[in-house]
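Residue numbers (my numbering), protein chains in the order written: chain A, -19 to 243; chain B, 26 to 680.
Please note: incorrect hints may appear among the correct ones.
Sample of chain A residues with no beta-carbon within 12 Å of chain B, all distances over it, derived [what the hints assert, rightly or not]:
1) S0
2) S65
3) M170
4) P224
5) D225
6) Q231
Computed, partial: chain B to chain A, Cβ under 10 Å [what the hints assert, rightly or not]:
7) F61
8) G62
9) S66
10) R175
11) S289
12) E290
13) L315
14) T319
15) E323
16) D357
Under the rule of at most 20 Å between Cα atoms (straight-line distance), these lysine to aspartate or glutamate pairs were calculated in the EDC-like manner [stated by the list, open to error]:
17) K669(B) to E627(B)
18) K59(B) to D151(B)
19) K59(B) to E75(B)
20) K175(A) to D60(B)
21) K59(B) to E290(B)
22) K380(B) to D357(B)
23) K462(B) to D92(B)
24) K462(B) to D214(B)
25) K59(B) to E115(A)
26) K134(A) to D214(B)
27) K442(B) to D394(B)
28) K59(B) to E121(A)
29) K442(B) to D365(B)
30) K134(A) to D489(B)
31) K351(B) to E445(B)
32) K471(B) to E290(B)
33) K134(A) to D488(B)
34) K48(B) to D37(B)
35) K5(A) to E45(A)
36) K442(B) to D464(B)
37) K471(B) to D489(B)
38) K434(B) to E487(B)
39) K605(B) to E526(B)
40) K605(B) to E113(A)
Read the hints as simulated data drawn from the structure, not as lab findings.
Backbone N, C-alpha and C fix where the C-beta goes; we use that ideal spot for every residue, glycine too.
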Amino acid sequence: MSQERRIGDVILNVENVSLSFGGVKALTNISFDVREGEIRAIIGPNGAGKSSMLNCINGFYKPTEGRITFKGESHAQMETHQAASQGIARTFQNIALFRGMTTLDNVMTGRNLKMKRNFLWQALYYGPAVKEELEHREAAERVIDFLEIESIRKTVVGRLPYGLQKRVELARALAAEPDMLLLDEPMAGMNHEEKEDMCRYILDVNEEFGTTIVLIEHDMSVVMDISDRVVVLDYGEKIADGEPDDVRANQRVIDAYLGVQHD
Amino acid sequence: MTGSVAEAQSADTFPKLLARNAKIRGSRPAMREKDFGIWQSWTWAEVQDEIRALACGLKSLGLNEGDKVVICGDNRPRLYWSMTAVQAAGGIPVPVYQDSVAEEMKFIYEHAEARFGIVEDQEQVDKVLEIMEGLPGLEHVIYDDTRGLRNYDQSFLHDFEAIQEMGRKYDADNPSYYVDAVASKSGSDVCIMLYTSGTTGRPKGVMLTNDNLIVTADNCTKLEGLTDQDSILAYLPMAWVGDNIFSFAQSYTTGYCVNCPESSETVLDDLREVGPSYFFAPPRIFENILTTATIRIEDAAKIKQRMFHYFMDVAKRVGMDILDGKPVSFGDRFLYWLGDILVFGPLKNVLGLSKIKLAYTGGVAIGPDIFVFYRSLGLNLKQLYGSTEASVFITIQRNGEVRPDTSGKAALGVELKIAENGEILFRGPGVFEAYYKNDEATRETKTDDGWVHTGDAGFLDEDDDLHIIDRAKDVGKLTGGAMFAPNFIENKLKFFPHIREAVTFGDGRDNVTAFINIDLESVGNWAERRNIAYSGYTDLASQPGVAELIQECVEKVNADLAEDPHLSASQIKRFLILHKELDADDGELTRTRKVRRNIIFERYGELIEALYSDKTNCEVEATVTFEDGRTGTIRADLQIHDAKTAEASHTMAAE
């Protein structure tokens, strides 16, 4: 595959970010960058600070030190809704869907930021609101088609199996047409087949829409197969950064994952 | 019917029929597909434009007279168009089961010497790429759905639309090409090659001519009075001969609209939305629909349940007679009418069957209970008996003469005879040309004067209705001399919703034994109601409660068999519940879900021996093939159960 072609300039730059909660240091002086169109993985053992890192990127946590630059705009502090309107969408480790709503409605919420009419217009469902609703419905249907969840379009999300809920969550994130997608353990708790499906979808999203993807994942083999570059965190510090093969061979990474005897 | 007879007669190929339809009903819908949540539709005129563009595109890509083109994917409009386009350009389409594993697919590409492939999506493209190396003859692969294929830069891969674009250019430069190419073909030319799944050996390529399909389709249309106002849902594999008749040939000859579902998982929803008037489904689908409905009724409020059961009893008593136009008392008619408003109508509506004028089932025997259930609801469900070699129809049940236990009378133009050994033979307009590159098999199956051996054993009753007993080669004898018809017994077992698959043994043995596959959905639901926890198929199958449940079913079958003087010796003595589901991917079933006995004998010999020993359990290891082609093993310790047999109620006076 011609990877050079699709990967562009740096879209996200993380510089010397540290994060502490009181006395607990979750992240210490982390720097890395993400290029446009690449699949970038953040891995590490439990409690390494992976989710905290993701939360900093989309503005949910405010880094105590350091800067995060997205699309050339630098933010020491950013609000989550600012991140979203700039084109960052995400999924969550423990699924945060509206359980009582259908798949379609959940995906439509992903379009919310793009809707211009206020809720009065929408409630009346008249004139321009109808036109807008139809446009967004079409966009939502494209995502549903893409992720092959047509059969559960009208099913209430709470009744779906876990693997499918994960896919609906990805659909909602995609419906926002993000430039960058943050995936927090998209494959956690899935069986082998579901994992393979999810990998396929992640690659397809990246290929089809050119979306930059930053993902956190436990499953090393999955990460090594699909990502272009990998950052490895351990105890809140960056211990490696590079292409999958280099990272795999890195002694510190092996130690972090397998444990090392302390004398 | 609108088309003039003269026109219909001159239209002896599918591209010609297409031209006729585009002319006389150009603005009527020919095809619909649900895409992006909306039903998109194409008129006959639009379909002709699409097909013409593709045919010219194939020509400019280098398709020659007589080239085979493999077509593989779900029921998508473009794949149906490909069939006609290939025919128009002088090629022969070869539809292949979309769930075939790469190796099976390779055999067909190789055997058919396909130069082109038209496939649905990335999944199918990947399969072709996997086998491409061993297929020097395969030159071009065209795909319908571009999703995920952006970075595939092989030069032999083409986007469907790009080929059509090429075709439009070619057509502009050579405006007479398409018309001449279509005119050069006639009814006696081979128009399609279908590979039969085959319960034994390698698949055989059945060559059917335009006449085979068109005359057969026309005869059925005449018999049943179908018109261009009808509609059908195309959801069965395109590689299966039935789909070629129902969703292709009959649509072309009659002009009705074919609806393609959104995806294979949404078929039941799409069925409800489309509300077709003509419907074919194998018994398994009718069973599934009924099982789902029954489960939902069990969850409904008490009053609704009582209403349902009351009116269903009314329907069972008089529904079939009303449908057959037999005399029924006024009181019962009134009750049935009330039931129709309160129960049957809404039920059929929920199932998507309210507009059905004609529904067929066939392939394997349908459970009498299930058959009676649908007919008593007022649904004109009829059985047919057919084969690929006959272009489907051998027998069809006639309106007003439908009985659950027969397959009906010979279809229009078809003659039947029963050979001395009980085998059914037929002759008719749909009889295939020959097997491709397999003269030996052709000679074995088709006599010089056109009679075809079906391989099924059966008999004609006093009304000339055909009864099918079993595959002729499967019928055996117990050591006591009594006849042993495995499929017959297995079907009886499978009529229970809890049993998905069964294999019986008995040829050359003292008594009959069986392997059972439970139905995960039905037994799973049963287990849930009793708070029995289980982790998966293997675990559920080994639950002692499940064994008792199955034992009840087996004993009911035994009681049933005891009633029949010929079969009372075939009662099932011992059985076991298999630890894995029999699967086509493991080669244990054909793609049309028929049991491959020789494979079962080979693979489970140890278990069969255990059934005929005193053992009460047997340890096994089985190989399973996952969907991606990797294999794994399942280990289990299987319990063997004894079933009570009933006393034969008749003494076997005749023997």
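key: Restraint outcome when E290(B) is required to lie within 10 Å of chain A by C-beta distance   = Status holds, d = 4 Å.
Problem set entry | Satisfaction of hint between E115(A) and K59(B), Cα-Cα up to 20 Å | This hinted pair holds, its Cα atoms lying about 18 Å apart.
Legend entry - Distance restraint between K48(B) and D37(B), which requires alpha-carbon spacing of 20 Å or less: OK: K48(B) and D37(B) at ~16 Å, within 20 Å.
Practice problem: Mind checking the CB of T319(B) against every CB in chain A and telling me if the closest is under 10 Å? | Solution: violated, 20 Å
ask   = S0(A) clear of chain B by more than 12 Å, beta carbon to beta carbon?
value = Holds, since 43 Å exceeds 12 Å.
Taken at face value, is the distance from the CA of D214(B) to the CA of K462(B) at most 20 Å?
holds, 16 Å
Q. Far enough from chain B: is every CB of that chain over 12 Å from the CB of D225(A)?
A. Label holds. Min Cβ-Cβ 21 Å, cutoff 12 Å.
Would the hint linking K59(B) and E75(B) be met if the CA-CA limit is 20 Å? Given pair K59(B), E75(B) holds - Cα atoms ~18 Å apart, limit 20 Å.
Notebook entry, point to check: Taken at face value, is the distance from the CA of D214(B) to the CA of K134(A) at most 20 Å?
Noted result: violated, 47 Å
Taken at face value, is the distance from the CA of D357(B) to the CA of K380(B) at most 20 Å? Measuring from Cα to Cα gives roughly 24 Å; hence the hint is violated.
**Message:** Please verify whether K134(A) and D489(B) have alpha carbons no more than 20 Å apart.
**Reply:** It is violated: about 49 Å lies between the C-alpha atoms, which goes past 20 Å.
Inset, instruction - Take a quick look at whether K59(B) and E121(A) sit within 20 Å of each other, Cα to Cα. - result: Measuring from Cα to Cα gives roughly 11 Å; hence the hint holds.
Hint violations for this structure: numbers 9, 13, 14, 15, 16, 17, 18, 20, 22, 26, 27, 29, 30, 31, 32, 33, 36, 37 and 40, all remaining hints satisfied.
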